[in-house]
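Put chains V, X and R on the given structure of chain W with help from the hints.
There are 4 protein chains.
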Amino acid sequence: MGGNSFGTLFRITTWGESHGRAVGVIIDGCPPRLDITADDVQRELDRRKPGQGKGTSPRKEKDRVEILSGVFEGKTTGTPISLLIWNEDVEGTAYEELKDIVRPGHADFTYQAKYGIRDHRGGGRASARETVGRVAAGAIAKKILKAEGIEVLAYTLELGGIRAEKMDYTAVGKNALLCPDPDAAVKMEEKIEKTRLRGDTLGGIVEILVRGCPAGLGEPVFDKLEADLAKGLMSIGAVRGVEVGAGFRVAGMLGSECNDPMKPGGFEKNDAGGILGGISSGAKILLRVAVKPIPSISLEQLTVYSSGRPVSVKIQGRHDVSAIPRINPVCEAMVAIVLTDHWFRQEVLKRG
Amino acid sequence: MGGNSFGTLFRITTWGESHGRAVGVIIDGCPPRLDITADDVQRELDRRKPGQGKGTSPRKEKDRVEILSGVFEGKTTGTPISLLIWNEDVEGTAYEELKDIVRPGHADFTYQAKYGIRDHRGGGRASARETVGRVAAGAIAKKILKAEGIEVLAYTLELGGIRAEKMDYTAVGKNALLCPDPDAAVKMEEKIEKTRLRGDTLGGIVEILVRGCPAGLGEPVFDKLEADLAKGLMSIGAVRGVEVGAGFRVAGMLGSECNDPMKPGGFEKNDAGGILGGISSGAKILLRVAVKPIPSISLEQLTVYSSGRPVSVKIQGRHDVSAIPRINPVCEAMVAIVLTDHWFRQEVLKRG
Amino acid sequence: MGGNSFGTLFRITTWGESHGRAVGVIIDGCPPRLDITADDVQRELDRRKPGQGKGTSPRKEKDRVEILSGVFEGKTTGTPISLLIWNEDVEGTAYEELKDIVRPGHADFTYQAKYGIRDHRGGGRASARETVGRVAAGAIAKKILKAEGIEVLAYTLELGGIRAEKMDYTAVGKNALLCPDPDAAVKMEEKIEKTRLRGDTLGGIVEILVRGCPAGLGEPVFDKLEADLAKGLMSIGAVRGVEVGAGFRVAGMLGSECNDPMKPGGFEKNDAGGILGGISSGAKILLRVAVKPIPSISLEQLTVYSSGRPVSVKIQGRHDVSAIPRINPVCEAMVAIVLTDHWFRQEVLKRG
Amino acid sequence: MGGNSFGTLFRITTWGESHGRAVGVIIDGCPPRLDITADDVQRELDRRKPGQGKGTSPRKEKDRVEILSGVFEGKTTGTPISLLIWNEDVEGTAYEELKDIVRPGHADFTYQAKYGIRDHRGGGRASARETVGRVAAGAIAKKILKAEGIEVLAYTLELGGIRAEKMDYTAVGKNALLCPDPDAAVKMEEKIEKTRLRGDTLGGIVEILVRGCPAGLGEPVFDKLEADLAKGLMSIGAVRGVEVGAGFRVAGMLGSECNDPMKPGGFEKNDAGGILGGISSGAKILLRVAVKPIPSISLEQLTVYSSGRPVSVKIQGRHDVSAIPRINPVCEAMVAIVLTDHWFRQEVLKRG
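These protein sequence lines map, in sequence, to chains W, V, X and R.
For the first sequence, position 114 (counting from the first letter as 1) is numbered 502 according to my numbering, and the numbering increases by one without interruption.
For the second sequence, position 317 (counting from the first letter as 1) is numbered 705 according to my numbering, and the numbering increases by one without interruption.
For the third sequence, position 71 (counting from the first letter as 1) is numbered 459 according to my numbering, and the numbering increases by one without interruption.
For the fourth sequence, position 171 (counting from the first letter as 1) is numbered 559 according to my numbering, and the numbering increases by one without interruption.
Okay, chain W solo, but in the shape it has when bound (with noise of 0.2 Å):
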């Protein structure tokens, strides 16, 4: 109950600190006889790594996923998936300086103020660190919507204000920063690197498309689908704000602008995003995410020691420019984990 579970039937349980000795992930609820390898996972482990973009951490994770139960003789057992990823590099001698400084934009003063102690290196169980056991999780969730013909697409639709114009899908594997616009990626990482330079830091918009996804998932009331996505999108920690579908722009539109029309066979156009009623209709989800800026910058700020006494702070070290497209992986993820748990769930009623 202290919150680090997720899902009902496909249940994930993430433990870890940035600097412990490790991080990883329980996945309660994966069904039996399905093929699972440790690649399977580093996969999606790999595309969450530093250094993929030039926008990017250049800290060396290695990340070597260890799978310690749950998988016999490359098949999973219906018993509980034990994923494990050793921490390297973690000696956290960089952070004794930041020891009684509360870092602006980050969680050091509301842990404090929440447990009364915390483990301040590299942000503790804060760290984006912690997102290493949702992916891992996610690789699985997605191999099993694989299977029913469901994929999920996480991409870069604006950074540092420049914003995507196109939009070819095909592209988005093909650019470090993950953008079905090509050119548009350019100019993304021309502003992250001066922005770079600057000591500053980028937000953006991530776009999440689910393709393939069938009419009937999601359980009115309080489990509607997009909620569930919500909350599974709003727990990753640089997101403020999700929409499905046209989402904040219903606020300026008429009834007669906003419904979907039906014909035979579907929709005519997707405003509803792809749900309606909190049930999946068979429609393409498209949901997008606000990511803030990373708040780690070297620029000077005003803060505080734990003590409350003033202070002015400048945050030194190899940190990213923007949480994109690192945190793209980790949208793909728990979008996947909660279709994987709605898929269970609606696999109770198809019965008789």
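Just so you know, these hints were derived from the structure itself, not from any lab.
None of the hints are false.
Copies of the same chain look alike in the list, so a pair counts if it works inside one copy or between any two.
With a straight-line Cα cutoff of 35 Å, these simulated DSBU-like cross-link-like pairs (lysine-lysine) come out:
hint	residue 1	residue 2
1	LYS531	LYS575
2	LYS657	LYS702
3	LYS562	LYS463
4	LYS582	LYS562
5	LYS672	LYS738
6	LYS562	LYS657
7	LYS672	LYS463
8	LYS437	LYS582
9	LYS672	LYS579
10	LYS672	LYS702
11	LYS702	LYS651
12	LYS463	LYS738
13	LYS450	LYS562
14	LYS531	LYS657
15	LYS531	LYS738
16	LYS534	LYS487
17	LYS463	LYS702
18	LYS651	LYS463
19	LYS738	LYS487
20	LYS738	LYS534
Frame of chain W, contents of chains V, X and R only:
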């Protein structure tokens, strides 16, 4: 597990269909020895009643709440509180002609796809009528929070493209549209009337402000305060987007702009919206939701019969032009329920 | 989280006090398109009514169930089913004189210690009246199971020291004490009458038999089938012990006696009681519960006032001599609810 | 939802197979600022090790626990605690010949029926090896309880038909069989040796005593303290029955015998076993579990191959003669976990 419950320590379960016999809610986890009367609940229910503002449905709903359990001689006993509101004016014959038609923008299609059956009368379980139970439970949550000095206020930030420019919280209760800007409220009313005459409907944005919330509420990692708030708000039928603090604005911000510097005693500004790392910071909590236009419009729309055959439809009857302002107390209720739940979760940590 | 819900996929929430306005239950997770009428539920409620056997309370309970939601035109819709039964004959003035007295064997002392308040009328929430909701929900669970060929039967194995020697299941419905041995039933009735005259009460043992349950139900490790059954049964007020198969007899057995040898098509015997490693084996499931004597006796007992001051008390009024046989349908209900829940949990695995 | 988690506020999730790479547990909901060292956990793990008593398996298990997260500089931080114990001595080749044989009394048949696949090595997930995670988590629960003055002690009441006659709790830690009657312990040892020579195994009864538990723990209706205790204990593989206080003896009692009269300051006797109406009464909590004989016997047994073809089998190898006394610390762990969970649940009510 059908998704009709919400919360962990303070847990509500709603039931009932639009044109069934009654709607209601069970609240499990309400502390004992709290003064609760039917009037406390009725007051909140009255706020979501139609006919409050001009822009609202003239359907006459008496909505008298009955407390069936959990309260003894005016005080809660710690046992589940059962609140029931009988449905009146529910002959449902008005809906007979729509019985086999899939109404655009409604959940008709997806309920049928999910369950293979649906109560077509007034949307059945998918109707906004379900929120009566939420508001009833929220009334109790708000009372619990008030005793701790926490207040939740939802107001209309935007409606039909008209945005509140002033932010006078004392004005909110004084106009039918619950708008903090009385001048904007007047324009909104005009827009509503014009739109009603055209047979169309309007969307908008509701902002929710929480004052008096102490630091420490929220459970990382998955049960972050904003994640649970996002789920709670996104579970309201008409909501298509949720944001906290600067929300989607963070996408265009630099880290040096987005971070809230600290000073002795608090934050210099509050773009974080009162939540850092999933935990309340003691600053005001600020949330916004995008509300889609009511899908029931009397303009002609293309759609299909349940059989898939095409048809055009005009939804007649007395419908609201906008879910705002009736949705505002529902937003308050969901936020109050989430905060109460996290308040109790944090109580456990305070010991020792 | 106040402990008034039970189950995961098939989840019930009961509410109501002995002398409150009504009692009821919400069933969340009932599949759609199931034929359910009030009569289906009423039939089971009638079985737990007083006045069924001679040994039961003459309090007149009409106990007419009303279905308030979740059923449309005679079929379930997949939305929560709300069942309500009004309390009648509940003036409660009879309890005024006991208001400040801690009745031995009842929950008066512990409710006061836990909540600092209690509804003293007839035991309030701690009353066996609460089980009306369980039996109502159990009626639906039994109907679901029956369609799958699974039957649950609870019968009186022992009462007041008299044990059934014959095991004729067809006899169970034919005597008021629900005993598989008609001769024992006669002796039990005599014992009840004698005990009633003395102002005392009797305990006994109920055995529950499940026929037709396929292999595969139950989730190791913690949600073993017998673990969930034990919880469900032990949650019935009067139950003080639960055992499966050979039960406490295993303590004196050798491994070579206790193991059930296998042969093609099944087991040679069934000391395991139909469950191995927490999962049903396809053999008959056999459970037994120890039922304590009704604590309300008209003999003089030493006890205290709420204030702690000593007093002696005789509990007057029309009380049952034994919780048996009215507890038998409650046992059936709990077993049926657990099996239905695990049936759905197993459905998820059957796919693919 | 695969059933590998237990508890609500203090929640554990175990993982790992008998002959997989490791076993472990995640504890979510442990309060911050608690002193915890690996030694605290190791001490309890050592108590469940084989080779403690004569009657136990000579398999050499080092079982060194590693704390991978949740503890910083010797103190808990409020984040999930991950405990891992590597499996050693696990080549599993010894199990190759049993690969296709359904061992009587084991979960081989039911796991295969449920999952369609099983890790046959040493019972896989169904092995008692899984309880390592429970005992590790229980060590932390016991530490939390101890700070509140609550102590849990499990001792051997009966083994192989020999029953403890004396009840000297100080003797429990002084003999290998954890028996409160040293003379009975000697006879039990003799019985074990004789039985071992015959290739057979023994059952018994473990009693669990809780001292220092205040009144008020337990949540009616379904989460009664004894209901959660029954579930926790019945979820231990070898347990076939659970009773509280007088347990099955109540079946033969009169109400006037069974009720515990009250006097100023407490109860005259304690047949209720410290729990009334699902809530602890402040008296000693007393539970008993029936432990079946270890099913692995070297005597010849009739059984079948996975294919269904009949075969006879002798289970060779070094196996315990009885699950007692190694099961005793597992019982303590489960009781401690349930009490800790309910302690936290009750904390929430204490406010205000």
